[in-house]
Amino acid sequence: MNTDTDNTEAVTTRTITYRQALNETLRAELEHDEKVFLIGEEIGVFEGSYKITAGLLEDFGPDRVLDAPIAEEGFVGAALGAAMLGMRPVVEIMTINFSLIAIDQIVNHAAKMRSMFAGQVSIPLVIRMPGGGGQQLAATHSQNLEVWYAHIPGLKVVAPSTPADAKALLTAAIRDDDPVIFLENLSLYSAKGEVPDGEQIAEIGKAAVVKTGIDLTIVSYSRGTTTALEVANQLEAEGLSIEVVDLRSLRPLDRDTICASVKKTGHAVVFEDDWLSYGIGAEISATIGEGVFDFLDAPVRRVAAAEVPLPYAKSLERAALPSAADLARVVREVLNLAPATATSNDK
Amino acid sequence: MPDVIMPRLSDTMEEGELSRWMKQVGDEIHKGDVLAEIETDKATMDLEAFDNGILEQLLVAAGALVPIGAPVARIGDGSNIVADGAAPAAPTTAPTTAPTDAPTAVAPAPATAAPTSPARPTGELRTSPLARKIGREHGLDLHTIVGTGPQGRITRTDVDAAIAKQETAVTTAASAPVSAPLAVIPQPATTSTGSTDSVAVPVSRIRAVTARRLTESQAVPHFFLTSVVDVERLIAFRADANASLAALGIKVSLNDLFVRASAVALRAHPEVNASWGDGVILRHSHVNVGVAVATDDGLLVPVVTDADQKSLGAIATETRALAGLARTGGLSLAQMSGGTFTISNLGMFGIDSFTAVLNPPEAGILAIGAASDVPAVRDGVLVTVPTVKITLTVDHRVLDGAVAAAFLRDLTTLLEEPLRIVL
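Chains as they are written, first to last, in my numbering: chain D, 1 to 347; chain S, 348 to 770.
Think of the hints as simulated: they come from the structure by calculation, not from any bench. Don't take each hint at face value.
Here are the simulated SDA-like pairs of lysine to any residue, each with C-alpha atoms no more than 25 Å apart in a straight line [claimed, not checked]:
| # | chain 1 | residue 1 | chain 2 | residue 2 |
| --- | --- | --- | --- | --- |
| 1 | D | 192 | D | 178 |
| 2 | D | 263 | S | 488 |
| 3 | D | 263 | S | 507 |
Facing chain S, according to a computed beta carbon distance under 8 Å, are these residues of chain D, among others [to be verified]:
| # | residue |
| --- | --- |
| 4 | 234 |
| 5 | 266 |
| 6 | 298 |
Using N, Cα and C, we set each Cβ at its ideal position, and we do this for glycine too.
Excised from the complex, chain S in its bound form (with noise of 0.2 Å):
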């Protein structure tokens, strides 16, 4: 019976940790059943197995990192088990699988599997020998790549494609963040520092994920425009709304209102509502705005989907249940797929403004601070008036300032009238 092999999950998984096993050797198992969860870099998702049978064997102790296409576990007739002490300890913190220079590790890659029986890596995998000796020398990962010779065996054309292709990538990568390859692997402190003063602290999927889009949109160039929110409104309306919507057990948020008002006016300037796509500006016909939330692994960011379609209600509902989903680990691919804008808010611990970081390949990304009283003249008397600054980082390449600035100034305008943002 085949083996069982961690599979592609994501379209910039590589490999993935292998965080719990869900059954145990000796089980019986169920096509359908959940072996194990797989921690991606962007979801924990449910590996279930595709054969009926017994598990014989756990190839990877929990926690292994493990390429795509490589074995985890064994399914049999229940003749040749394994005990769960042949599998290896769980290294947490091992260089399973990357050689450290080599960010798309190719895929001999040794020390995932049990000792008594090596893994190969490869094995699902059908290539010519040229073709793996080109994916050698060129870094590739044969398993993303389409075999079109005869029973789909990979060979040179393939791998020749794959090069080019990977090149032209490589020209306009940071119009193409997505496609770039994932170094997770931490490297001991003490290679770096040379001494024993920095501890090294193994990062999550997630964190490595952010990291690395994060450095990616480094590239972009970017600029960044801020407004002071005259919020007094803003509050009150808020205050009203919960009143009303108490006995629906419904409590909105002012980063509710952030997102529904942001929804609106991306309505109104589909050119915000975009981002670059290789020569070309992507106008998205859906306003799907992400909110950033953090975890105790990172930063999460789902996404609220047809934001500019759905009442403030739905939308505080929603977002509340998407922030506790992040923060238990439970979110779905979907729910972090398909953002539009993304709206980041450090309000709540004080900050009084700041810039945030694109979310490529997303245009924009709104900067939300915390509400802070400051002195106005109204009617000729001084007094308080609760202000945010809201601050807009914009993908130069999609906006210019001037519309960027027309957007802002109507995000603000909805803001400061909020009856406008529910109408």
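Bound-form chain D, shown alone (with noise of 0.2 Å):
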């Protein structure tokens, strides 16, 4: 590129992986604002369980990134308590599944401060922490609780599904003054997309229109994201057209960008990781029913993961989660079309 005389404001981007798109804006947040430190289990020698503080603690050094021992409720509330006094930590669980054990001070505290002290206090505070299963991690550490948090009201709840949206949400998490769960997917770490350089701020509570479409559409959010866009694809050259809403915020819910939608294309999917009971996909599927009820041409359905713990045999741990297959038949079902022929699909 002839940057030096072609000086324009055209953004120019590489192609990294969600990972290395952490591990930058995490680099960029402390350079950016001193009162940003990182706090996390083996965050600092270790360079973090997944490496997505790699380098951090050799460039900042200790003050920065603290290397916590293991106890979350513990590195947790000294976190908020930070967060209280007007720092902007940034937590790292090493997955969703130990957020449990900090749990209160994440529901009963980050997340009633503001409210209970009558706004003299902001919490800005950031826990990242990965979800997901798929790893062969078993029942206790393969779970996807972030309904849990997108339940409280005081938090926000964010699910990046791209290196970009990585991005651009890790930093926008960081300059918001309330309590952000910031979820990360253990399968999303290595995947590649353009990334804008310079700094990139999403609006939290914005979801994406990620391809458009007008037969149907397929909410989904984090990893579904990607399943959903490689169905849609997939079904788009058998003649369906078929959208893909990314919700990237699970708190606040855009509910305009999700009915806009739905009332398009009068038929809806909502593609989960987590549990169907109660989970994220009955949320969505009431806000459509709410919203558009006389543009529905179909029930919405949900393809969420199976009703058990998750086994930890990988032909199990594969039959358990929701696959890219269970979509396509699900799709074709609300569509009323005749099941695919073939099985080639089935991953």
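Dock the two chains into a complex; use the hints.
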């Protein structure tokens, strides 16, 4: 690129991984604001279980990148206290499963302090944590508990599905004055995508139509969005026009974008990694029913995980998690189409 | 147990008048029992029970117009009996269903049900919300649409198809008159005249259908041919025939002779025994002659099927029976269906000649006037001859003048040489 003579506002992009986007963003925010610091288990010397914080201890030192003991309630509480005093802590919890130990700090304190103290404090706290199964980590380490947090007023919950959104939403989360649960996903860390250079700040609470279509809307988030796109493109080859809405934010939920899409297509399927009952899809379905009932041409369907503790055995784990084939099948059912003849899309 | 609903009793029916309840609340009902009489656009028919049980509630009063699919009564185990008084008094002329400007009233027809238990005319319908919405916007009666979705659900695809069909039908309305909607609710006279000088007379189903079909027939390009028939021999023939048939209790009318003669002529002129069918001419293999019968409620046209195959005596007997049924409201739908030609006779009222309005989709109708004596010269002597003027109305899309004239000439000859009618 001839950037010397053509210094316009054209944004240059690079293709990097989701992991790299997170790492670069943490670095940028550590540089941007000295009140930002990182805390979590083995994020310093070991550079994090998933290497998100690689190189940061070396460059920013132990005052900005803090290794914490295996005591989630303790270090989440410490970060919360720092946030009350004006710091901008970014906590890494190794996986969302371990956040259960810290849930009192998150739900009973972080989420409520602004309201209970009449606005005297704000809690600019970010808690990063990956969810998701499929890595043979068995029942206690493979959960998708994001709906627990999305249920809580006072929290914001974002769930980027692409490296670009990982960057823009993490920047927005760190600069937000309220506690933000930042949901990552184990299977997305190595996903690649184009990421714009320079400062990018997303608006928390905005969904994105990541693919347009007219026949049916798939609503998903995080890893689910990548599967939804895969299925949409596969079905497009068969002549179906599928729109994909990536929620990006589970709380606040962008009901307008969801409803606008379903109003156009008349059909909706929610693809979610959590369990079916009381899950994200239930909220989306209700949103659609209340918002665009008159435009529905078929009941809203949900494709979610089997309602069992996730098995360890690879074959059983695969069977329990919602797959592209499951999604394609339900899309066909909603559109009242014959099942696909071949099973080539079984993954 | 399911509600008893207003059934679809004919292709053109959109609502039925529940003319008379035959059972009362509390009666034990057996499958097949006649619950009520229903007057449709074409006939009075029985509403039979499909369930055993106790008649618990009448949801509409006698005289009410009820859309197809709307519940009219409830049969149960007898534990929920709702007395007659709960049913609304019969508002015989009430604007029960259709919005006054919407001939195809869409499902929500609030006024037909008992106030305690609002009827849901769409109760039997399985539709998507979107299909309902589109249906509302286009004035579609979803009951007329067959759903192709899961469990027969009506979806957008189905209503879109119906709308496309409707639009096609509008452009070819003249050729597909029977599919046009009904408008049967009388306007209160004061709304149209602004005075009390006029009295609104509620019309029967029959009159409403007559009005609609005759209006439709005005869209058909038609012409008239008149012939004067010397009926001296026909009258004599009739007298002879009646003398010989008297022992059998059969009495032949002049009209029966016209029916038989027309049937014979139609068999010889198949191009007349035809109708216009959306771009093609349908020639009918059967010769079925309709006979217009005036009744207190309006015009009915029972049909003598295969009139060319039946003896004069058989036609006389059958026509008499059909006319009797017409006057008592007992005609079945089948007895009024399938006509290929119609005869309208106002001779008994002293009308000299008249033109009849086509009875779509038939291509011809014959109007018969009264016999009257006219002067004629025979063998150099001035005599009076009884004659009848017959006027043929013809659908010009099906027939041209010369072809129709040939038919009328042959018919005239048959009537003037009546032996040929029965040979």
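Hints versus structure:
no. : hint          : in the structure
1   : D:192 x D:178 : 29 Å, violated
2   : D:263 x S:488 : 23 Å, holds
3   : D:263 x S:507 : 17 Å, holds
4   : 234           : 23 Å, violated
5   : 266           : 5 Å, holds
6   : 298           : 6 Å, holds
Of the numbered hints listed earlier, those contradicted by the structure are 1 and 4.
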